[in-house]
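Novice: Sequence:
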Amino acid sequence: MADEQGAAPQETYDPHAGIEKWLRLWREQHLFEAGDLTPASAKDEQRTLVVSMFPYPSGDLHMGHAEVYSISDTMARYARLRGQQVLNPIAWDSFGLPAENAARKRGLDARVWTYGNIEIQAESFERLGISFDWRTRFHTSDPEYYRWNQWLFLRMFERNLAYRRAAPVNWCPTDETVLANEQVIQGKCERCGTEVIKRNLTQWFFRTTDYAQRLLDDMQQLEGNWPDEILSMQRNWIGRSTGAYIDFTIQGRTEPVRVFSTRPDTIYGATFFVVAADSSLAEELCAPEHVDQLQEYRAGLVAKPEQERLAVDRPMTGVFLGRHAVNPMNGELLPIYASDYVLADYGTGAVMAVPAHDQRDLNFARTFDLPVRVVVDTGEADPVQSGTATAGDGVLVNSGPLDGLAKQEAIAAVNAELEERGLGKGAVTYRLRDWLLSRQRFWGTPIPIIHCESCGAVPVPDDDLPVRLPETGYTLRPEGGKSPLETATAWVQVSCPSCHAEARRDTDTMDTFVDSSWYFLRFPNPHYEEGPFDPAGMAAWLPVDEYVGGKEHSTGHLMYARFLTKVLYDMELVPFTEPFKRLTNQGQVIMDGKAMSKSLGNLVNLQEQIAAYGPDAVRVTMLFASPPEDDIDWADVSPAGSVKWLARVWRLARDIGGAGPDLHNTPYDAELRKTIHRLIAETTQTMEAKRFNVAIARMMQLTNVLRQAVDSGPGPRDSAVQEGVEALARMLSCVAPFTAEECWSRLGHEPSVLRAGWPEADPALLIEDQVTCVVQVAGKVRDRLQVSPEISEEELRRLALDSVKVREALNGNEAAKVIVRAPKLVNIVPASN
Numbered sequence: 001m002a003d004e005q006g007a008a009p010q011e012t013y014d015p016h017a018g019i020e021k022w023l024r025l026w027r028e029q030h031l032f033e034a035g036d037l038t039p040a041s042a043k044d045e046q047r048t049l050v051v052s053m054f055p056y057p058s059g060d061l062h063m064g065h066a067e068v069y070s071i072s073d074t075m076a077r078y079a080r081l082r083g084q085q086v087l088n089p090i091a092w093d094s095f096g097l098p099a100e101n102a103a104r105k106r107g108l109d110a111r112v113w114t115y116g117n118i119e120i121q122a123e124s125f126e127r128l129g130i131s132f133d134w135r136t137r138f139h140t141s142d143p144e145y146y147r148w149n150q151w152l153f154l155r156m157f158e159r160n161l162a163y164r165r166a167a168p169v170n171w172c173p174t175d176e177t178v179l180a181n182e183q184v185i186q187g188k189c190e191r192c193g194t195e196v197i198k199r200n201l202t203q204w205f206f207r208t209t210d211y212a213q214r215l216l217d218d219m220q221q222l223e224g225n226w227p228d229e230i231l232s233m234q235r236n237w238i239g240r241s242t243g244a245y246i247d248f249t250i251q252g253r254t255e256p257v258r259v260f261s262t263r264p265d266t267i268y269g270a271t272f273f274v275v276a277a278d279s280s281l282a283e284e285l286c287a288p289e290h291v292d293q294l295q296e297y298r299a300g301l302v303a304k305p306e307q308e309r310l311a312v313d314r315p316m317t318g319v320f321l322g323r324h325a326v327n328p329m330n331g332e333l334l335p336i337y338a339s340d341y342v343l344a345d346y347g348t349g350a351v352m353a354v355p356a357h358d359q360r361d362l363n364f365a366r367t368f369d370l371p372v373r374v375v376v377d378t379g380e381a382d383p384v385q386s387g388t389a390t391a392g393d394g395v396l397v398n399s400g401p402l403d404g405l406a407k408q409e410a411i412a413a414v415n416a417e418l419e420e421r422g423l424g425k426g427a428v429t430y431r432l433r434d435w436l437l438s439r440q441r442f443w444g445t446p447i448p449i450i451h452c453e454s455c456g457a458v459p460v461p462d463d464d465l466p467v468r469l470p471e472t473g474y475t476l477r478p479e480g481g482k483s484p485l486e487t488a489t490a491w492v493q494v495s496c497p498s499c500h501a502e503a504r505r506d507t508d509t510m511d512t513f514v515d516s517s518w519y520f521l522r523f524p525n526p527h528y529e530e531g532p533f534d535p536a537g538m539a540a541w542l543p544v545d546e547y548v549g550g551k552e553h554s555t556g557h558l559m560y561a562r563f564l565t566k567v568l569y570d571m572e573l574v575p576f577t578e579p580f581k582r583l584t585n586q587g588q589v590i591m592d593g594k595a596m597s598k599s600l601g602n603l604v605n606l607q608e609q610i611a612a613y614g615p616d617a618v619r620v621t622m623l624f625a626s627p628p629e630d631d632i633d634w635a636d637v638s639p640a641g642s643v644k645w646l647a648r649v650w651r652l653a654r655d656i657g658g659a660g661p662d663l664h665n666t667p668y669d670a671e672l673r674k675t676i677h678r679l680i681a682e683t684t685q686t687m688e689a690k691r692f693n694v695a696i697a698r699m700m701q702l703t704n705v706l707r708q709a710v711d712s713g714p715g716p717r718d719s720a721v722q723e724g725v726e727a728l729a730r731m732l733s734c735v736a737p738f739t740a741e742e743c744w745s746r747l748g749h750e751p752s753v754l755r756a757g758w759p760e761a762d763p764a765l766l767i768e769d770q771v772t773c774v775v776q777v778a779g780k781v782r783d784r785l786q787v788s789p790e791i792s793e794e795e796l797r798r799l800a801l802d803s804v805k806v807r808e809a810l811n812g813n814e815a816a817k818v819i820v821r822a823p824k825l826v827n828i829v830p831a832s833n
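Using my numbering, you'd call the opening residue of the sequence shown number 1 and step up by one each time.
By construction, these hints were calculated from the structure, which means they are not laboratory data. Among the hints, erroneous ones may be present.
[Said to hold, decoys possible] Simulated restraints on C-beta separations:
1. VAL774 <-> ALA816: 18 to 24 Å
2. ASP592 <-> LYS425: 55 to 61 Å
3. ASN225 <-> GLU283: 44 to 50 Å
All C-beta atoms in this analysis are idealised placements derived from N, C-alpha and C, irrespective of residue type, glycine included.
Throw the hints in and build the complete structure from the sequences for me.
Specialist: Take a look at the structure:
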């Protein structure tokens, strides 16, 4: 049989053959399109939305892309074969600092660099066989998209969920921009590795802290569907703490200073008071004669990252501010220090220091020769002698009226007295901080605010959205740490929308986490113009059924997406409170035990791998190497081995396809058919569990069974063999789509194999007539019995004891104990001699 060009079909497997043909056929038949994207009906069980965290266009696809999209595409293809209407969308996270830096380095416009890379990636995705519905394609740097970033910002501004204030921020000196806490890894910029410093800037924030408790509570919806590790990381990041607010009077100051403590019961052990050195509070509390010392101390803090400041095992530094705070419980005067181990943007920026029961306080007290007073008897060594704070529970001592009370009783007593005297109250706080979204860079969404001397911060009217980035007239990397948009004078200078006086645009752009916090809502109708997303499409497809991406986003993107979804729910714009029903994390693709890096010389080029082995083999290798969440060391895997397996499947299809007319009604080998259906059932079970490596192993096992049947069993004209090869081709289409199409075609079927559906195992063929029961004596296997799966424990016990081999092993002894686990195990413990 000749192919559509009239050439004879190849007789050996070629991993590159037919790719263009099948890509063209998929496009012509619209195989990956999800029908009507905005049906009138609400979402039902027949619709599945599979989303991978969208790619960043930093260049061509890399090995990490191949892994994550192989995983999500396998999910999408499997759901289609199971009869689901599947939406597998694609978009690009195309704003951001890397593109800006790359463009600046090459002397290009960021748009040219970004969109050129997008086209390269789009072609690579297609050639990798990823089954995207290309109608969903959009890019976050499109004005048609970031218009709605701005619209959402303004809705949050109206609700006081977006606000502006001066605050110490993470600053990358190399990239000259603010970083969110989540973008600082071990004190360094996640992008360039530069040590991050602190700067005081006026910035825009979203009030994520208003949603802290809901972010915790709603995790109940995710239990069992998200990895436990991710839920635990989010709980720790939110960091709910219960305790009390306590007001300390400051000598020479009318207004008290409020602190939060998780252990108000230890208040009698407070011996000094500490405020964050880089906070405005430090300046307010500093006595005039100590201002110079404070400024000198602060000047030395700029190079210390937050992680170092919070570390316990480092030298403690600080400066006395020349004032004292008054302990509200006993009236003691506590010297006030400024130090870098207290953070300005955590809690109130001040702490009561109880050195006997907090290690950092103890280290500070020992450095500055401050008193240490034990107020909780935990039974441990005295902190003064041991140098180790005792942070556990115990009985209160040296605490006046609290002496003899246990922790919870003492906390209740302190809270009650504080509240009665108007000096504090029980409280809950969170480690989570408000989302800092201002960025001093060009390639991002402009913040839609105009600053007027008379009117203050004025929203850009909705009709004037989007506020587009300037095309010309700006400097991409100005001197002095300015934002590039500050240099676009013609763009910056505008009239106030309220009073029409001269005013200035806000020159910050938004964190790209804003772009990614809601993009998935736009997939059903990416060209919708009446709002950020189409309500009909959202009702039909959202929330996301399967979300795939790296666990490095656990406290960044995933947290922000959950937060914004709750805000949209409160605005009555979405009907759900969690955006992603199920989450799958993929591991990293590494080389020789290390992350791939040009500097390490261990970078593996994806396109070179595809050129050498074909896209199907690369996909199979990724999926077969490990479960999705585990790392893959490319040095330990074999794309060549994947090619050999795919060639064996291809030869089976060639041999069966050439065996003659349809064989479904011819005789078959009953045992072979049972084996085939058992392997179909096992493959199905592992696909459902997302254990794709095990599913591929079962397909390989089926390949071996069928090859043996063709070569030495009933032969290619057996209908069970044909049934098995057809089932294999259908299942293979999830992991090796091009080879599966070739096999399906050689079996004499019209394309595409995707239309054939997933094979169903016959339940009647899964019932075992007999199973093997292992019989052990004193822990050693002595016999194997073929028994009915329905055998009773009593009957199995009798058969085991009657076994000649068992009687020989007992050597005349009685059985002291017989443990029966019907139908597969009997364990006999002989009586002692």
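Novice: For each hint, tell me whether it holds in the structure or not.
Specialist: Checked hints:
no., hint, result
1, VAL774 <-> ALA816: 18 to 24 Å, "holds (19 Å)"
2, ASP592 <-> LYS425: 55 to 61 Å, "holds (57 Å)"
3, ASN225 <-> GLU283: 44 to 50 Å, "holds (49 Å)"
Of the numbered hints listed earlier, not one is contradicted by the structure.
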